[in-house]
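J.: What follows is the residue order along each chain.
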Amino acid sequence: MLWACILLPQLALDTVQRGRDDADSPLVLLGGPTQRRVLQAVNAAAADLGLRAGQTLAAARALADGFTCVEADPARIDEVQQLLAAWAYRFSAQVSLHYPRALLLEVGSSLQLFGPWSSFEARLRTELQGLGLRHRIVLASNPVAARMLANGHDGLALTCAEQTRAALANMPLDRVGLPADAAQAFSRMGLRRLGEVMALPRAALAKRFAAPVQLHLDQLFGQRALGLDFYQPPDRFESRLELNFDVESHQALLFPLRRLINDLAAFLAGRDCGVQRFDLHLEHAEGPDTVLKVGLLAAEREAAMLFELARGRLEPLRIPAPVRNLRLLADDLPPFVPQHRALFDPRAQQAQPWEQLRERLRARLGDEAVKGLRAEADHRPEHAWQASEQGAAGSLAVAPGSRPGWLLAQALALPEGGLQWLGQAERIESGWWDGGDVRRDYYRIETREGLRGWAYRDLAQPGPLWLQGWFA
Amino acid sequence: MGAVVDLEGLLDQRRIWRGRQVQARPLGLQPTGHAVLDERLPEGGWPSAALSELLLASPGCGELQLLWPTLARLSGEGGRVVLVAPPFIPYAPAWQAAGVDLRWLAQVAAEPDDALWAAEQCLRSGSCAAVLCWPERADDRALRRLQVAAETGDALAFACRSQQAAHNPSPAALRIAIDTRPAQWRVLKCRGGLVPATPIAAPGRG
Numbered sequence: 210m211l212w213a214c215i216l217l218p219q220l221a222l223d224t225v226q227r228g229r230d231d232a233d234s235p236l237v238l239l240g241g242p243t244q245r246r247v248l249q250a251v252n253a254a255a256a257d258l259g260l261r262a263g264q265t266l267a268a269a270r271a272l273a274d275g276f277t278c279v280e281a282d283p284a285r286i287d288e289v290q291q292l293l294a295a296w297a298y299r300f301s302a303q304v305s306l307h308y309p310r311a312l313l314l315e316v317g318s319s320l321q322l323f324g325p326w327s328s329f330e331a332r333l334r335t336e337l338q339g340l341g342l343r344h345r346i347v348l349a350s351n352p353v354a355a356r357m358l359a360n361g362h363d364g365l366a367l368t369c370a371e372q373t374r375a376a377l378a379n380m381p382l383d384r385v386g387l388p389a390d391a392a393q394a395f396s397r398m399g400l401r402r403l404g405e406v407m408a409l410p411r412a413a414l415a416k417r418f419a420a421p422v423q424l425h426l427d428q429l430f431g432q433r434a435l436g437l438d439f440y441q442p443p444d445r446f447e448s449r450l451e452l453n454f455d456v457e458s459h460q461a462l463l464f465p466l467r468r469l470i471n472d473l474a475a476f477l478a479g480r481d482c483g484v485q486r487f488d489l490h491l492e493h494a495e496g497p498d499t500v501l502k503v504g505l506l507a508a509e510r511e512a513a514m515l516f517e518l519a520r521g522r523l524e525p526l527r528i529p530a531p532v533r534n535l536r537l538l539a540d541d542l543p544p545f546v547p548q549h550r551a552l553f554d555p556r557a558q559q560a561q562p563w564e565q566l567r568e569r570l571r572a573r574l575g576d577e578a579v580k581g582l583r584a585e586a587d588h589r590p591e592h593a594w595q596a597s598e599q600g601a602a603g604s605l606a607v608a609p610g611s612r613p614g615w616l617l618a619q620a621l622a623l624p625e626g627g628l629q630w631l632g633q634a635e636r637i638e639s640g641w642w643d644g645g646d647v648r649r650d651y652y653r654i655e656t657r658e659g660l661r662g663w664a665y666r667d668l669a670q671p672g673p674l675w676l677q678g679w680f681a
Numbered sequence: 030m031g032a033v034v035d036l037e038g039l040l041d042q043r044r045i046w047r048g049r050q051v052q053a054r055p056l057g058l059q060p061t062g063h064a065v066l067d068e069r070l071p072e073g074g075w076p077s078a079a080l081s082e083l084l085l086a087s088p089g090c091g092e093l094q095l096l097w098p099t100l101a102r103l104s105g106e107g108g109r110v111v112l113v114a115p116p117f118i119p120y121a122p123a124w125q126a127a128g129v130d131l132r133w134l135a136q137v138a139a140e141p142d143d144a145l146w147a148a149e150q151c152l153r154s155g156s157c158a159a160v161l162c163w164p165e166r167a168d169d170r171a172l173r174r175l176q177v178a179a180e181t182g183d184a185l186a187f188a189c190r191s192q193q194a195a196h197n198p199s200p201a202a203l204r205i206a207i208d209t210r211p212a213q214w215r216v217l218k219c220r221g222g223l224v225p226a227t228p229i230a231a232p233g234r235g
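Keeping their order, the protein sequence lines are chains A and B.
Our numbering puts the first residue of the first sequence at 210, with every later residue one more than the last.
Our numbering puts the first residue of the second sequence at 30, with every later residue one more than the last.
Each hint should be verified, as a subset may be incorrect.
Quick list of the computed label-pair ranges, beta carbon to beta carbon [unchecked claim]:
| no. | chain 1 | residue 1 | chain 2 | residue 2 | range |
| --- | --- | --- | --- | --- | --- |
| 1 | B | P198 | A | G341 | 53 to 63 angstroms |
| 2 | A | P609 | B | Q193 | 29 to 39 angstroms |
| 3 | B | P141 | A | E638 | 35 to 45 angstroms |
By construction, these hints were calculated from the structure, which means they are not laboratory data.
No residue lacks a Cβ here, since even glycine has one placed at the ideal position from N, Cα and C.
When you get a sec, could you build the whole thing from the sequences and use the hints?
T.: Next comes the structure, spelled out in structure tokens:
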């Protein structure tokens with residue numbers, strides 16, 4: 210088993226920063242009680258102003274001006290960790306959030322699929338960068354060692370227990386996660402490196418230190434296993450983005466929307482499913498949320514397509530009040546079946562498959578805009594067809610030319626002057642079982658202009674001639 | 030020898046135009062299904078990947094008689110046929126009896142303003158074999174867009190319009206007027222060939 214640890218040293222700051230499109234403006238993260246606000250983290254631009262993590266807000270204000278303060282939000286960080294776990298679940302079945310701000314992945318069994326570690330690691334790094342998170346990655350032969358080595362290394366790849374042991378022996382004692390008092394005791398004993406501790410007799414060590422110290426050392430060297438809780442992906446996706454300022458235009462919503470949709474796509478790819486419908490909640494300062502429902506006919510998971518569809522629905526929407534927060538909810542996550550493509554596709558130049566085109570049309574024209582046509586086995590013209598999602602032929606065959614190609618939505622009363630009657634009447638009498646009882650004599654007629662129509666006389670209610678269709 | 034092949038090629042591509050129409054011609058890429066009409070049209074059928082305009086004396090005057098064989102052939106080959114905002118309801122049993130495979134027929138409901146957009150999207154996508162639309166007030170620009178979209182997506186575009194539009198110039202590759210009294214088709218314009226001088230009697234109308 211090979212374990213990769215992805216350490217996210219700046220998770221809190223990155224979490225805030227990834228939701229904003231001004232990466233170069235100074236930003237600090239605040240924590241601590243109200244009386245004594247402390248800078249928890251600062252970004253590079255803020256560091257250039259002389260700000261440091263650990264300063265009080267008052268000191269920071271005295272030093273510099275014009276930086277943005279954002280409240281640290283543990284719940285939001287937790288959310289991002291869950292998202293990361295969902296993302297990592299795509300690469301490994303064993304993903305653990307055992308340590309805060311770190312992901313543990315069992316990758317030994319994933320190398321077959323994702324290639325040698327060097328390219329696998331490069332891929333992880335590219336995707337993490339895409340998610341806007343700074344990171345350190347270390348590969349080691351057990352999870353605890355991977356986590357602790359990430360404290361001092363980045364890009365280290367140790368594929369066997371021997372190498373791991375050698376690298377651990379070089380680690381400074383205060384960086385390997387020992388209890389604080391134990392680490393202090395070791396340093397007072399004159400020990401600096403982990404290797405020096407391991408050289409001590411085991412029995413004496415066990416006598417002088419509490420049991421957790423020995424346990425931790427054993428776990429570090431892989432002599433005892435650490436029980437890990439593995440991540441189980443949830444059945445729904447929910448993500449919320451605080452905009453921190455009031456947004457009134459569609460244009461300004463597109464950037465955060467794209468971020469949300471990218472998160473959704475990462476989640477879907479990790480779970481190997483698609484999304485069929487999702488809701489976008491636009492939260493206002495007051496009043497109920499504006500809910501934008503995006504529905505698709507088939508499950509999809511490609512970020513670019515989902516974004517385009519959501520955008521298509523968002524743009525015609527009238528936003529009643531400034532938007533504070535954006536929330537994306539997806540409950541319906543059916544399995545995703547990639548579209549089947551033949552190698553020798555007869556229409557290979559096809560730029561946009563029909564499914565995508567249909568979604569595009571529905572996004573602009575409405576959910577009910579694109580319909581197929583189904584023929585029904587019924588003689589009554591009103592019931593002989595049905596608009597449905599997928600068109601289908603009916604079982605009742607009619608002679609070609611005996612029925613009109615166009616049907617009027619509403620039968621039209623037709624003055625009889627100047628009409629020419631073609632052929633005999635045809636009686637249609639049906640529907641006594643469903644209340645739509647029909648007793649009509651149908652005629653083919655030709656109007657003065659030479660149009661051929663299909664008209665009937667209602668036998669139940671004698672009246673004018675009703676035009677119902679055109680033989681076009 | 031090469032020169033002979035070149036000449037044939039030039040004639041086939043209609044870069045050289047011969048005053049007298051050649052009688053025996055190979056079947057076109059998109060036959061209309063009406064032998065009499067195919068014979069008169071320069072490509073032996075509908076101009077492929079182009080806009081054809083049908084100018085109707087009045088809606089429902091015989092456009093389906095003209096189009097059904099083509100739609101039946103296309104849908105039978107697994108090509109999608111899209112009706113964008115048709116003025117009437119397509120009566121399914123009749124379309125089925127005409128040979129159209131209903132599984133490949135789709136209709137798009139759209140307001141007049143959106144209909145042109147929808148037709149253009151369908152044509153451009155390349156996933157439709159034929160797109161029928163009924164633009165009411167389409168100007169030269171709108172039709173040109175349809176024509177370009179049909180070229181891009183390699184699809185047949187059919188625009189059914191009123192005969193009043195016959196006097197206006199049009200970028201369509203083929204324009205056919207459908208008359209009812211007498212029932213006949215008149216080719217008003219066909220790209221790459223002589224316009225047939227005499228009208229063609231519409232079949233099935235006695």
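J.: Which numbered hints are broken by the structure, listed smallest first?
T.: none
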